[in-house]
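Asks: Following my numbering, the numbering of the sequence shown begins with 1 at its first residue and continues without gaps.
No lab work stands behind these hints: they were computed from the structure.
Derived Cβ-Cβ restraints for the label pairs, each shown as a range:
#1 S20 <-> E45: 23 to 31 angstroms
#2 A12 <-> Y48: 19 to 27 angstroms
#3 E18 <-> N41: 30 to 38 angstroms
#4 L35 <-> Q7: 16 to 24 angstroms
#5 F37 <-> V14: 33 to 41 angstroms
We put the beta carbon where it would ideally sit given N, CA and C, even for glycine.
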Amino acid sequence: MVSMRNQAVPEAPVAAAEVSVLYLPGPAPIRLSPLDFSHANQLVEQAYEAARGYLAALAVHGPGLYGGPGVVV
1 MVSMRNQAVP EAPVAAAEVS VLYLPGPAPI RLSPLDFSHA NQLVEQAYEA
51 ARGYLAALAV HGPGLYGGPG VVV
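Throw the hints in and build the complete structure from the sequences for me.
Replies: Structure below.
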C-alpha cells in the first residue's frame, strides 16, 4: 500500500493534466497485520460506502485531480 501511494502521488498530477483522476476515499485506517483478513468484509463495506457517497456528490469538469491521497470519510 505504501509503495502504491508513493507511486501515485507524483504520477497523478501528470496524468491529471490530460484526464480526470479521482482519488477515492477509504475507511479510517486501523492497525492490522497484512496477513489478517478477519476484518476484510468490514473494511470493504466501509470503503464502498465512502466511495459511493463521494462519487454521488462529485462533479467532474474535465481533466484534473479530484480528491487526494489520504482522504478518509
